[in-house]
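So the sequence lines, in the order shown, correspond to chains A and B. Under the numbering used here, residues 1 to 488 are what the first sequence spells out, in order. Under the numbering used here, residues 1 to 488 are what the second sequence spells out, in order.
What the hints contain is simulated information worked out from the structure, not anything from laboratory work. All clues stand as given, with none of them false.
25 Å max Cα-Cα, derived SDA-like pairs, lysine to any residue: (1) A:Lys38 with B:Asp17; (2) A:Lys20 with B:Ala23; (3) B:Lys174 with A:Arg178; (4) A:Lys20 with B:Gln27; (5) B:Lys43 with A:Asn341; (6) A:Lys340 with B:Lys43; (7) A:Lys290 with B:Arg62; (8) B:Lys174 with B:Asp349; (9) B:Lys174 with A:Glu454; (10) B:Lys43 with A:Glu11; (11) A:Lys340 with B:Asn455; (12) A:Lys340 with B:Leu453; (13) B:Lys43 with A:Gly348; (14) A:Lys174 with B:Lys213; (15) A:Lys213 with B:Leu333; (16) B:Lys434 with A:Leu333; (17) B:Lys16 with A:Arg382; (18) A:Lys290 with B:Val60; (19) A:Lys38 with B:Phe10; (20) B:Lys434 with A:Glu336; (21) B:Lys38 with A:Asp14; (22) B:Lys232 with A:Pro179; (23) A:Lys290 with B:Pro64; (24) A:Lys174 with B:Gly238; (25) B:Lys174 with A:Leu453; (26) B:Lys174 with A:Glu180; (27) A:Lys174 with B:Asp209; (28) B:Lys340 with A:Glu427; (29) A:Lys16 with B:Lys38; (30) A:Lys174 with B:Lys167; (31) B:Lys43 with A:Ser347; (32) A:Lys167 with B:Pro179; (33) A:Lys290 with B:Gln63; (34) B:Lys340 with A:Pro49; (35) A:Lys43 with B:Arg343; (36) A:Lys68 with B:Gln129; (37) A:Lys16 with B:Glu378; (38) B:Lys340 with A:Phe56; (39) A:Lys20 with B:Ser37.
2 protein chains.
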Amino acid sequence: MNEKTSDESFETLDPKDWEKSRALMHQMVDDAFDYVSKVRDRKIWQDMPPETLESFTTSVPRQPNNAKAVYEDFVQHVLPYNMGNLHPRFWAWYMGNGTISGIMGDFWASVMNPNLGGGNHAAHKVEEQVINWMKEIIGFPETASGLLVSGGSMANFTGLAIARNAKCGYDIRKEGLRPEDSGKMRVYASSEIHSCNQKALELLGLGADSLQKIPVNADYTINLEALVTQIKKDWEIGLRPFCVIGTPGTVNTGAIDDLNRLADICEAEDLWFHLDGAIGAIAMLSPEVKSQLAGIERAHSVALDLHKWLHMPFESGCVLVKDQKMHKDTFSLIPEYLAKNTRGIASGDNWFSEYGLQLSRRFRALKVWMSLKEHGTERFGRMITRNVEQAHYLGTLIDSHENLELIAPIGLDIVCFRYNPGGLTLEALNVLNKEIKLQLEERAIALPGYTTLENSYCIRVAIANHRSTDEDFDELVKSVLELGKELH
Amino acid sequence: MNEKTSDESFETLDPKDWEKSRALMHQMVDDAFDYVSKVRDRKIWQDMPPETLESFTTSVPRQPNNAKAVYEDFVQHVLPYNMGNLHPRFWAWYMGNGTISGIMGDFWASVMNPNLGGGNHAAHKVEEQVINWMKEIIGFPETASGLLVSGGSMANFTGLAIARNAKCGYDIRKEGLRPEDSGKMRVYASSEIHSCNQKALELLGLGADSLQKIPVNADYTINLEALVTQIKKDWEIGLRPFCVIGTPGTVNTGAIDDLNRLADICEAEDLWFHLDGAIGAIAMLSPEVKSQLAGIERAHSVALDLHKWLHMPFESGCVLVKDQKMHKDTFSLIPEYLAKNTRGIASGDNWFSEYGLQLSRRFRALKVWMSLKEHGTERFGRMITRNVEQAHYLGTLIDSHENLELIAPIGLDIVCFRYNPGGLTLEALNVLNKEIKLQLEERAIALPGYTTLENSYCIRVAIANHRSTDEDFDELVKSVLELGKELH
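If we strip away everything but chain A, and leave its shape as in the complex, we get (with noise of 0.2 Å):
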């Protein structure tokens, strides 16, 4: 050891009593598997108290403190008034649970802490092999690129910035957007696309007004006749389509767009096929499913989020892209304070940085690799069909009560359902749904979403969930029509 860093008068961040600070981190580790372990037997979900509200109201600490201090702070305001999603009965939005080899990989990501911007290391050949799994379970070319991002909106937005860039037709990295593009530019999607898109389009410069929104069928899929009839007028008024955006799973009702008719019109078109994936491209890795995303490998490029289906903690996004050239002359940018070497630390001809928007990144890829590796995708398929099951499932239990009501067909692993006692009108009925949601909430029995279809409120259950037993959609289902009787 060298004598000037064992000498206690010299001050740095590391712990100056190296085992007791190892001793707390055991602590945690105890802590933190009683918490992941005993999931179901607490609350969902509590508010937060006064006095906890209150403590997140102090100034910024000048002076240190002990750490197990801070930690029993933490212990006592922040883990029990947590989101909830590790739990069993846990449905809102659209999320994963989490797993313990993921928090294995992310742990050791920041102790090894590197920096994925690029570089000759080991952490870049984990991401490299992670993205050329992803291309295998998706069924792109070995010759495809990717890229691993914060999450849905960072993939969608990385997937269209392409998209744009290699379909305006100039040097747009440069000049930025010609004005005869300026308001011109078309993006088609259905109109059950998520919002993220929209936003990264208003990002791009291209503007909300770009996204040509296109009905959908009673399924919730894009109505394919109406997207070849908008992208022809839209030719013909001067306009310039670029893109479809097709939903394998949509966000509302888990709807899968007709991916081999989409790539048809793409290529009839001269489009670039872009998919939002993140909620069912990775059910490619269930045999049930697969086959209605056929011509996923068709796309141009296609985003990914690995923090929903595959349970990674957040944040664990995926694009890819078939063109690596087109990604790469997107993104890459290296003045000459990134300039590459030709031995060493800082060599390799493919940094990360070259592929998106972040030059820093973290190695968000150790969780998805070791998470991979220990599981291996068939357990990951399994628990991928197991949640289509269950929505079928509480399908059934939804259909053999009265009282309760599907408010759309059941897409992958969503259900939109509600209590309808009848003789209420539309708004009474959605006065009451709501109240039984937060009641569901506020008693801890359950963490459904919700959502509105055609002004019908729905209690909308997106079982993206490892932990969920059948039990706990008859718990659910029983619970609601209490609420509904007790409510109404």
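Place chain B on chain A using the hints.
Chain B only, in chain A's frame:
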């Protein structure tokens, strides 16, 4: 415990044997503490052997593997070939070292695994508090807004997106960039500006041409006269100046632009004043540096990078915005499936997804919260001050050896120098110094960075390192002199 989950036949992604998994995690903690506490004794960097490179070429695992075997794979092939930025003699690019308190916070972020997109839960309050602390540090008012993001690239992108939208004068989110603005909007910054800002402008549809790079003075700060002249000229020829980016701490040499003068110019010309403070803004914590940053509080938006001089594990960027409404107006987008509730988990006024590109977001605030509570701002300030002092200590060493020379004035904590025995052409000097730098790596002596300033290759020492001692710089200088002599 629910009967079904304790039933071994119910497959989940949870460990089949919790105690075995817990023991593995404890082993990881011991290995990690050894890894971090003994970092000085390990090679700073080493190349990967062929069998390790080979190990990353296997296809996606289909069947499960024992978690311990996966870990052993990691220990053999990943851990030894790390980037090296934990080491006391790592001064490449511009990174932090990480800390144990950061690791602990990140661990719990993965365990709790909440989604910081929004909602009523404690993690949200923790992030609010961390943002409030950053506002306090920078001198922004309580009414300002902010967001934790992946890093400096995203923080600058966010600030520039708000600048674009706030200054264009119409509903650019809806319409996109208007034809009359295409190719016309202009942003001003010194020629030393970090490339991520150009990348941001390209993605925002404005193009690299929108970035007017203003010459620098001999100390690498922006030339204010040239800036004013350029702005006036651009107005005159019908361009649309809308933003100035100041840099408190440039990436090449650590130069600090005159922020008060830039603020004056922005006020006079009605321009948005953005700061790329990824390197230098957090030096507000150093009483010795703070005065050089005077005017920082006058910016409309500031980008910070807490994984740099605060040594948080990746990723920890932050953007602060003076006008909360303009910030929210750029990013808020709430479709029906993200509608807020009046009570319960989905309540709360301000969701973080309304302030940035991401919807799902990791609990990255926790590591910052725990670290600031444990160490306090004054200790972080002392670490920053010491690095600045070390830069000047290194400068003194360089001055004292006739075969070494500084290539630029020392700015903040960045030293650019070279070995120059005299009598060599510029080209020969560049080749020699490049080889010295490579051999420093390959002999595992030290990991400085490098850059090129006015055609001169420099060894660039960026000292954001809480573990570096003065003796580490003695060692660097001694080794450069020896290598120079040997290789010349």
